[in-house]
Amino acid sequence: MSDATLHKPATPARFRSATEESPAARWALIAVAVGGLALLVGAPLVIVFVEALSRGWAAAVTSLASRDAQSAIRLTLLITAIAVPMNAVFGIAAAWFITKFDFRGKAFLITLIDLPFSISPVVAGLCIVLLFGANSALGGWLVASGYPIVFAVPGIVLATVFVTFPFVARELIPVMIEQGRAEEEAALTLGATGWRTFRTVTLPNIRWALLYGTLLCTARAMGEFGAVAVVSGKIRGQTATMPITIEMFYNEYLSIAAFSMAALLTGFALLTLLLKTALELRHADALSATRRH
Amino acid sequence: MHIQIDEIAKDFGTTTALHPVSLSIPSGALVALLGPSGSGKTTLLRILGGLEFPTSGRVMFNGQDATGLSVQERRAGFVFQSYALFRHMTVFENIAYGLRARPRASRPPKAEIDRRVRRLLDLIQLPQIATRYPTQLSGGQRQRVALARALAIEPRMLLLDEPFGALDAKVRKELRQGLRDIHDETDLTSVFVTHDQDEAMELADLVVVMSMGRIEQIGKPQDIRAKPATEFVRDFIRA
Numbered sequence: 001m002s003d004a005t006l007h008k009p010a011t012p013a014r015f016r017s018a019t020e021e022s023p024a025a026r027w028a029l030i031a032v033a034v035g036g037l038a039l040l041v042g043a044p045l046v047i048v049f050v051e052a053l054s055r056g057w058a059a060a061v062t063s064l065a066s067r068d069a070q071s072a073i074r075l076t077l078l079i080t081a082i083a084v085p086m087n088a089v090f091g092i093a094a095a096w097f098i099t100k101f102d103f104r105g106k107a108f109l110i111t112l113i114d115l116p117f118s119i120s121p122v123v124a125g126l127c128i129v130l131l132f133g134a135n136s137a138l139g140g141w142l143v144a145s146g147y148p149i150v151f152a153v154p155g156i157v158l159a160t161v162f163v164t165f166p167f168v169a170r171e172l173i174p175v176m177i178e179q180g181r182a183e184e185e186a187a188l189t190l191g192a193t194g195w196r197t198f199r200t201v202t203l204p205n206i207r208w209a210l211l212y213g214t215l216l217c218t219a220r221a222m223g224e225f226g227a228v229a230v231v232s233g234k235i236r237g238q239t240a241t242m243p244i245t246i247e248m249f250y251n252e253y254l255s256i257a258a259f260s261m262a263a264l265l266t267g268f269a270l271l272t273l274l275l276k277t278a279l280e281l282r283h284a285d286a287l288s289a290t291r292r293h
Numbered sequence: 294m295h296i297q298i299d300e301i302a303k304d305f306g307t308t309t310a311l312h313p314v315s316l317s318i319p320s321g322a323l324v325a326l327l328g329p330s331g332s333g334k335t336t337l338l339r340i341l342g343g344l345e346f347p348t349s350g351r352v353m354f355n356g357q358d359a360t361g362l363s364v365q366e367r368r369a370g371f372v373f374q375s376y377a378l379f380r381h382m383t384v385f386e387n388i389a390y391g392l393r394a395r396p397r398a399s400r401p402p403k404a405e406i407d408r409r410v411r412r413l414l415d416l417i418q419l420p421q422i423a424t425r426y427p428t429q430l431s432g433g434q435r436q437r438v439a440l441a442r443a444l445a446i447e448p449r450m451l452l453l454d455e456p457f458g459a460l461d462a463k464v465r466k467e468l469r470q471g472l473r474d475i476h477d478e479t480d481l482t483s484v485f486v487t488h489d490q491d492e493a494m495e496l497a498d499l500v501v502v503m504s505m506g507r508i509e510q511i512g513k514p515q516d517i518r519a520k521p522a523t524e525f526v527r528d529f530i531r532a
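Sequence order for the protein chains is X and E.
Position 261 of the first sequence, counting from 1, maps to 261 under our numbering, and the rest follow consecutively.
Position in the second sequence counted from 1, then plus 293, gives you our numbering.
Keep in mind that the hints were calculated from the coordinates and are not lab data.
No residue lacks a Cβ here, since even glycine has one placed at the ideal position from N, Cα and C.
Possibly wrong hints are sitting among the right ones.
Claimed, not checked - Partial chain X-side listing against chain E, Cβ under 7 Å, derived:
1. 183
2. 185
3. 186
4. 189
5. 190
6. 191
7. 192
8. 194
9. 199
10. 201
11. 264
12. 267
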């Protein structure tokens with residue numbers, strides 16, 4: 001040992017591992033990544049808050065206290081509270097169906113689940129209007145019976161559910177495919193009912209993917225604009241959600257009100273991200289025991 | 294328990310996994326289903342356990358028709374190929390799972406579950422690992438925990454799918470004797486699937502050689518060695 005330290009060369013030769021880049025390339029890559037992130041993500045985020053608070057806290061808070069603003073916040077939270085649980089259940093059901101059973105047309109069904117990602121939200125909104133609007137047979141009957149869908153809360157829920165449908169299912173399908181069916185089969189041979197197997201084996205195994213999917217779905221549901229804009233009719237104080245209200249305020253040159261609400265919406269989104277990170281840190285050991293996602 | 298397999302066949306869509314096969318397994322026997330992959334041995338095992346249902350034919354347990362029994366009603370202790378331990382549960386919870394899953398009326402009290410799990414851990418000679426998670430166990434330990442979990446439900450039979458498949462050669466030899474000991478101690482009718490003819494010959498009372506969804510030969514290990522019934526058996530046991 002002492003021998004080795006004695007004969008240590010004055011300047012230790014620096015070897016680079018095969019996958020390591022040259023310092024110049026490394027710095028260039030880091031600069032591009034950090035620069036791009038700062039310009040495209042960081043700057044807009046900062047601007048939203050700077051603009052909102054440009055006349056001070058009091059002005060921002062006052063603008064959020066207006067009746068239209070309050071109504072928009074309540075509506076967005078209500079829509080999210082309905083759409084996210086619905087999509088969590090739909091997502092689990094779809095992922096379960098796709099991964100635990102073999103049937104013809106499986107690939108087609110997976111593509112169908114992705115459809116809301118590839119279709120423009122405005123088109124999705126239009127489809128709902130055509131299907132449930134007062135001019136269609138179904139919509140006419142619904143309006144006549146006192147349950148209008150379009151230009152009302154149910155329509156906004158439908159539009160939001162449609163647009164955010166893939167999030168939970170997409171997260172769950174790869175995890176459930178990887179895990180296979182053996183653990184569920186084991187539970188069944190041990191005498192567990194189907195429901196107990198789902199509760200005690202399936203659900204704990206997918207809980208992280210489910211959580212991520214749900215959080216992403218939540219963030220997206222709160223922010224959905226295009227489909228909701230078509231379906232809601234933008235009735236101030238009734239069917240105007242937060243994103244729609246932001247647009248209205250902005251078009252009316254109420255920039256403090258617009259940016260304050262934008263900051264609040266951004267705050268909600270950041271909160272979901274924070275929640276995800278906190279959960280990851282807290283359950284790091286459980287995560288590494290199963291699989292880091 | 295005596296198991297009678299009566300002209301069981303199984304199709305998956307257009308492919309035939311099992312041509313009609315018949316087999317009688319005497320109570321308390323340790324039987325090997327031996328054959329290459331694709332020979333239908335795992336399908337037959339899963340049909341016995343109620344994880345697959347046959348296209349035609351009957352399964353009888355102690356002379357009673359069991360073909361329509363659900364997987365839960367079969368009460369078969371099943372050891373899966375890669376053990377399928379519940380990864381988010383400790384060893385203790387894994388073994389206790391079947392007892393806790395029973396309907397309230399027949400569920401043993403907490404202290405009794407505790408006692409039974411301890412006894413099973415002693416049986417598999419791993420009394421000190423109750424609080425560990427499956428990922429923290431060696432392959433051999435996992436296999437024994439899977440065996441204990443299957444035994445915990447007081448099964449009517451023991452079904453094992455390639456129980457030594459995921460183990461290295463040395464551990465495999467040790468655990469062979471372990472399975473034989475546990476079988477002799479519990480006296481359960483046991484069926485295991487293997488593609489390793491040494492394993493089948495050394496361990497089983499009765500060897501069933503299968504190929505392409507058909508049974509080629511049924512016999513005691515020494516009889517199969519001495520008198521292979523078909524060309525396939527001769528080749529397979531020599532390999």
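Kindly indicate which numbered hints from before are broken by the structure, ordering the numbers from low to high.
When the structure is compared with the hints, numbers 8, 9, 11, 12 turn out to be violated.
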